[in-house]
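Protein sequence lines correspond, in order, to chains A and B. Using our numbering, the first residue of the first sequence is number 1, and each one after it goes up by one. Using our numbering, the first residue of the second sequence is number 1, and each one after it goes up by one.
Some hints could be false.
[Claimed, not checked] According to the in silico footprint, chain B covers these stretches of chain A (three or more CB under 8 Å from chain B):
(1) 40-50
(2) 233-247
[To be verified] If you want a taste of the chain B side facing chain A, the calculated C-beta under 8 Å gives, among others:
(3) V40
(4) S42
(5) E45
(6) S46
(7) W47
(8) A50
(9) E52
(10) T53
(11) A56
(12) G57
(13) W59
(14) Q78
(15) E81
(16) Y89
Rather than coming from a laboratory, the hints here were simulated on the basis of the structure. Predicted model only: the values in this text are computed from it and were never measured. Glycine included, C-beta positions come from ideal geometry on N, C-alpha and C.
Letter by letter, the chains look like this.
2 protein chains.
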Amino acid sequence: MAFSRSSSILFFIFSLLSILINPTISSRASSFIKLPHSSVTSYCESWRLASETNNAGTWKVVPFRCKNYVKNYINGGQFDEDYNLVASYAIAYAKTVKLGGNGKDAWVFDIDETLLSNIEYYKAHGYGSEPYDNTKFNEWVVQGKAPGFGASLRLYKALKKLGFTIILLTGRDESQRSITEKNLRDAGYFGWNRLLLRGHEDQGKAAAQYKSEQRSKVAEEGFKIHGNTGDQWSDLQGFAVAARSFKVPNPMYYIA
Amino acid sequence: MAFSRSSSILFFIFSLLSILINPTISSRASSFIKLPHSSVTSYCESWRLASETNNAGTWKVVPFRCKNYVKNYINGGQFDEDYNLVASYAIAYAKTVKLGGNGKDAWVFDIDETLLSNIEYYKAHGYGSEPYDNTKFNEWVVQGKAPGFGASLRLYKALKKLGFTIILLTGRDESQRSITEKNLRDAGYFGWNRLLLRGHEDQGKAAAQYKSEQRSKVAEEGFKIHGNTGDQWSDLQGFAVAARSFKVPNPMYYIA
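The shape of chain A in the complex, shown without the other chains (with noise of 0.2 Å):
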């Protein structure tokens, strides 16, 4: 009787032992505490990259089922592989660079989500997934307390080392200007050749029209813009782009 009980349990034993064994079952299993690759996640990966590709155009906010997934992109550590590689290519590419040796060599820099973070305010207002509120996004602004991204550190330092002028290109108003160079230095940056902000005429203006004219009239006192860096393709395209442009990512918002 009792060793009846004994090969009965030990049949469950080998049971289990078989389930937890056996790669199917197992993965099986595993995809039941947690799936990997749920159709939201998968549809807001092709969201992600196509946003990042330019192909979705103008969008107002992170679509609201992925708001988890910019969250969980944005804190779980890929979200800094992917901006650092970026950051990564540019440096290589810079080192490629003959410069001219006359400080006429220039990179280009936008700032929001490229030299400075805002992701600390954006935490606090869905990760993209909330409209844009112009009144609070200036009230974080002018706290100046926006850390400064590793990656871009990395990148600006670089190139201030290989000895290219440093042009910084932002659409934040001229009204901004003291706070924003505060805010900069607080977070690491030094030595920037210019500080361009929007100025009356400049009002209305779309980003990448803005920033376009900027780099023809830097163009015109005869820099050479060898590097663009921005999370906005209207941070790079238009006219007078740079020899290399590289769009870090942001999967938070979208300037036209």
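Got chain A; can you put chain B on it based on the hints?
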């Protein structure tokens, strides 16, 4: 004695059950079976994004450590999903275009990895991790058995229905005209306005230069190029660019 043996067996069963039920231990066990995000996967995701956004610059082969990643991306469904969403964005845009009704509203398509899929060839050649072999690839091309992409067929048919004039612009050689036409028809494409292939005078030209020149000629004939679809940035950039460009994914090769 029998009872004590049974109870130690029972203890063993409960231990096993606790491992199965405890989510922390279970997920650790499942990650032992299949790592959802190893550092290699994470690197390869960043590499693929950098390539798709044209941040990576020119590359010759898929990094060897990403061979299995690319294989899984292509065969696992995400590639199709990414492709499909680009086609949907293109159709949505096409529907907003006001057509002149004079037959001059054009849409340009690349062929390889845009209308026709060479994935079967690349599957047999390391998913892009082996150096490009022009002879072998042309042996595949002249068989004329490349299937169409489902998403591209959907886009193509939608554009035809809307009344766009279709221009096919490929890096394939003029000598491959008839097999290319046959292959396209067999794959389900029809009614294009013209098929532009590389002639004598185009040999040795960079793809972006050759394709820009061809688009220029088309524009000079009075066509308005509303859209352009290609798997390479060299299909889309340069001069005489389309009003909107759509970059379909291709993690297997890069054409400068």
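These are the hints, each one checked on the structure:
no., hint, verdict
1, 40-50, "holds (count 7)"
2, 233-247, "holds (count 4)"
3, V40, "violated (12 Å)"
4, S42, "holds (5 Å)"
5, E45, "holds (6 Å)"
6, S46, "holds (4 Å)"
7, W47, "holds (7 Å)"
8, A50, "holds (5 Å)"
9, E52, "holds (5 Å)"
10, T53, "holds (5 Å)"
11, A56, "holds (6 Å)"
12, G57, "holds (6 Å)"
13, W59, "violated (10 Å)"
14, Q78, "holds (6 Å)"
15, E81, "holds (5 Å)"
16, Y89, "holds (5 Å)"
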